[in-house]
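Asks: The lines below spell out each chain.
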Amino acid sequence: MTELKELKKVTRKLASHKIELYQTRGYLQCILQNSADLIFATDVEGSLVSFSKGGEKVLGYSWEEVAGRPIKDFAEDPASFERIMGACQEKGSAVALDVPFRHKEGRTVFCNTSLMDLTNRKGQRVGMVGICQDITRWKKLQEELIRVDRLAEIGRIAAGVAHEINNPLAVIGEASGWAGDLIREAKGLSPDDRHELEDTVKKIGDQTRRCRNITHKLLDFARDSAPTKTAFDVHELLKRTITFLEPEIKHTAIKIDLNFAEGPLLVNSDPRLLEQVFVNLMTNAIYAVLEKGGDNGRIEIQTLKANSEIEISFKDNGVGISDEDQTKIFDLFYTTKPPRKGTGLGLPICQSIVRNLGGDITFESEAGIGTTFTVRIPIS
Amino acid sequence: MNDQPTIRVLLVDDEEDLLEYLSKRLLKQGFTVKATFSGEEAIEAANEGYYDIAVVDLKMPGMDGVETQKRLREIQPFLQCIVLTGHGSIESALESGQQDAFQYFLKPVDYDDLVVAIKDAYKKKIEKQDRRFRQQLEELYSSGLGPKGMKKAIKDLRQIYGIE
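Quick mapping for you: the protein sequence lines, in order, are chains L and W. Take the first sequence: its letter number 234 is residue 234 in the working numbering, and every next letter is one higher. Here the working numbering runs 1000 ahead of the position in the second sequence, where the first position is 1.
One chain only, chain L, in its complex shape (with noise of 0.2 Å):
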């Protein structure tokens, strides 16, 4: 009798273990299936016996495609991670961070990675448990972040020099004035002479004002100060644009589309700071088009409202930004133009211009075919 009973209780005691671990089983299955993070285990190679769903998003591969692989093979660099496995194994555990893995894409994801061994009850190694967080974002926001304050730096460390230089700037400018006028006036002057004379002087003063087109644009560039917000119309402002730039589109065979929202589109910002990325961002599209020459030249302007935000883009068919120049191109003083066309300002000032306003500006681009260059900002 006292046997069954025992039996009886060990039997309810079996059965409540076994709720017990079915509830673990369920409470560890959700948190694999519903992380974001990469969560694998391996055996004893290394090779992959378990990947999430974290995992399958964070690198790009379904289970079907990594079961079985060394998990070191994802890793850029496979070397070091091993290492990373080897302390692991010395430990018991090992970290590290910022360990850069491959996507199934080709692209880079930076993961802080932890390990941890796996020993079965007779403290025998069965294998490995990962976990790897996803910091890529993280990451280049704060790869931005350091870029924009050098940008700063760099700033107003150039617009105090431009604001040193410009003094001694304007003296020149007005001595060749000086000159020509006198040389004007010069009496006994050979015309030979005269014509060499004029020639001279005209190029200090051409070469004085280029100078001074750099100094002035990075004072621009370096002035933070607040924007003067006034209620305007875009499109008004658009056209304006246009007209501004007719004399450098009138004997090109550029055609300009003009494709917007209907109506006025009314925001509260700074005019003369937009009409300023306007033309810098035309400028740049009419150069791109000229570039690649023939008579399908075509830029197009577009205007989208959204609820607190609208959109202007630009685009052109013209020569288009290599990928090697697409990560560069808001740098300072980074150009692409022949020397004298371009000072490689123009887009860090737009970008300055429009983070400045509230807003963000973004393009695409692809060599040969053409670029969009997209400026957001807020309504008001």
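Please note: incorrect hints may appear among the correct ones.
Cβ pair distances, simulated, as ranges [stated by the list, open to error]: (1) W/V1115 <-> L/N356: 31 to 37 Å; (2) W/V1115 <-> L/K239: 30 to 36 Å; (3) W/E1067 <-> L/V148: 36 to 42 Å; (4) L/Y334 <-> W/D1130: 51 to 57 Å; (5) L/N356 <-> W/D1110: 23 to 29 Å; (6) L/N356 <-> W/S1142: 24 to 30 Å; (7) L/W138 <-> W/K1119: 58 to 64 Å; (8) W/E1067 <-> L/E366: 42 to 48 Å.
In short, the hints are calculated from the structure, not lab data. Remember, it's a predicted structure, so these values are computed and weren't measured experimentally. For each residue, glycine too, the CB sits at the ideal point set by N, CA and C.
Using the hints, position chain W against chain L.
Replies: Okay, now just chain W, sitting in the frame of chain L:
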């Protein structure tokens, strides 16, 4: 310039080389020019002679451009100021705007633009001055002053408006 009255320009800038060439060019073009190298010197000049336009550098050792403008206009209320600066700060520009600067230029200014600004500023000055002058003359006529008082009042007006 021969068909127009001579415009009297007061230049104020501590950059002596710049003023040398600027005044030579303006003189050649028929302006009457006085070059001063500090705010203090400019005030002195304004106490001694009459000017239509002052071209003032914003940043100078001693009295700065904003203060100089203010003091100049106290002496000669119709004087129009054109502000030059090597600095890109819009704040100073706005501040100088509070002193009613006619125009604001970032150095180096294009010479032709400066000449246009001087001529425009002169037009504005004459308009303002004429309006006020007529107003004061009318007040004078209706004031019922005797010949002696009238003579003195007109002499005072002459001085204010720089009519020799």
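Asks: Could you run down the list of hints and mark each one as holding or not?
Replies: Against the structure, the hints come out as follows:
1. The hinted range of 31 to 37 Å is satisfied by W/V1115 and L/N356, whose Cβ atoms lie roughly 34 Å apart.
2. W/V1115 and L/K239 have their C-beta atoms about 32 Å apart, which keeps the hinted 30 to 36 Å range intact.
3. Distance hint check: the CB atoms of W/E1067 and L/V148 are about 37 Å apart, consistent with the given range 36 to 42 Å.
4. Checking the proposed 51 to 57 Å range against L/Y334 and W/D1130 shows it holds: the Cβ atoms sit about 55 Å from each other.
5. In this structure the hint that L/N356 and W/D1110 lie 23 to 29 Å apart at CB holds, the actual value being about 27 Å.
6. At about 56 Å, the beta-carbon gap between L/N356 and W/S1142 misses the expected band of 24 to 30 Å.
7. Between L/W138 and W/K1119 the CB atoms are about 60 Å apart, so this pair conforms to the stated range of 58 to 64 Å.
8. Between W/E1067 and L/E366 the C-beta distance comes to about 57 Å, which lies outside the given range of 42 to 48 Å.
Consistency with the previously given hints fails for numbers 6, 8, ordered from lowest to highest.
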